[in-house]
Structures are given as structure tokens and as C-alpha cells.
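Quick note: the sequence shown uses full-length UniProt numbering, first residue 1, plus one each step.
Honestly, the hints are just simulated from the structure, not real lab data. It cannot be assumed that every hint is accurate.
Pair by pair, the computed Cβ-Cβ distance ranges are [what the hints assert, rightly or not]: (1) Thr2 x Ala87: 29 to 37 Å; (2) Thr2 x Pro106: 47 to 55 Å; (3) Phe57 x Thr109: 22 to 30 Å; (4) Phe57 x Ile147: 41 to 49 Å; (5) Glu123 x Gly54: 42 to 50 Å.
Backbone N, C-alpha and C define an ideal beta-carbon position, used for all residues, glycine too.
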Amino acid sequence: MTTVIFRTATKFVVPIIMLVSIALFLQGHNAPGGGFIGGVLTASAFALIYIAYGLDFLEDGVLGRDAQTMIEHISHGVVSDYRHLFAIGLGIAAGSGLLAILLGVPFLTQGYVILEHVPIYGEVELASAVVFDLGVYAVVIGALLTILSVVGAE
1 MTTVIFRTAT
11 KFVVPIIMLV
21 SIALFLQGHN
31 APGGGFIGGV
41 LTASAFALIY
51 IAYGLDFLED
61 GVLGRDAQTM
71 IEHISHGVVS
81 DYRHLFAIGL
91 GIAAGSGLLA
101 ILLGVPFLTQ
111 GYVILEHVPI
121 YGEVELASAV
131 VFDLGVYAVV
141 IGALLTILSV
151 VGAE
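Kindly generate the complete structure, drawing on both the sequences and the hints.
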């Protein structure tokens, strides 16, 4: 059982955690951060919601899934969605490396394109490392939410 203070604090802290997570993800190809720490922070925000409100609220209220029994939860349900997120992220991360091989450069070689005359920003650099970070982000979220969901259902 949690307190009203903890639940209220969770309502204010979770959006801040998510903003920091997205900021770390977006700056990760040029500075410390990236997909791993962004994914860990996102999963920690979901864990905080789980601790404050319970697994049923997390699945039904936040993720829009129907709360299920423990057996249905582990064998089908939302856990399979988390596993799919893990697999998709792994495919994106591996695909970004394989694309480099197809272009004749070593595995996971980073490339970038500079877009000029972009409204408001002027000049924007798009790096291929963002695609790899997106895959890592999805893998970490999928893995940690699977663990949280299975352990929390017991």
C-alpha cells in the first residue's frame, strides 16, 4: 500500500523522468547518453508508476491494455508486446550495422548528413547513430518492462 504523498509525487516526477530520458536519447550520438540510459530511465518511470499504483493501473491506465490473470499475463498479454518491442529494437540496432556493411564500410560505422536551410534551426545534423540508439532504446525498454511485468505479476 502506498501513501497519497508518494502517488502525488509520482505524478510530478514521471513526466520529468520521461523528458530527461528523451533528452538523453537525442543527445546520445554526440555526447554522453543515448539509447541505453534513455531506456533505463523510461523503464524506471514505468516502475515508479507500478510501485505507486500497481501493475493493473500501469497496464490498463497507462498502456491501455486489459488487466489479466497472472497466467494469461505471462503467457500472452502485455509481456508478448514487450518481447516484440525487444525483438524490433534488436532488429533496428542490427539493421543499422548491416546497412553499413551493404554500403561497403565496417559494421556499425557512423555516417551523418547536414541539412542546410532548415526553418527555425538553420542547419541540422542527422547522424546514423540515432538509428542504432533507437534500437538500443527499444531493447532496453522491452527487456526491463518484461522483467518488471513478470516479477510484478507474481
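Tested hints:
1. Thr2 x Ala87: 29 to 37 Å: holds, 33 Å
2. Thr2 x Pro106: 47 to 55 Å: With a Cβ separation near 50 Å, threonine 2 and proline 106 satisfy 47 to 55 Å, so the hint holds.
3. Phe57 x Thr109: 22 to 30 Å: violated, 44 Å
4. Phe57 x Ile147: 41 to 49 Å: Violated: the Cβ-Cβ distance is about 19 Å, outside 41 to 49 Å.
5. Glu123 x Gly54: 42 to 50 Å: Holds, since glutamate 123 and glycine 54 (Cβ atoms, about 47 Å apart) stay within the stated range.
Taken one by one, the earlier hints fail for this structure at numbers 3 and 4, listed in ascending order.
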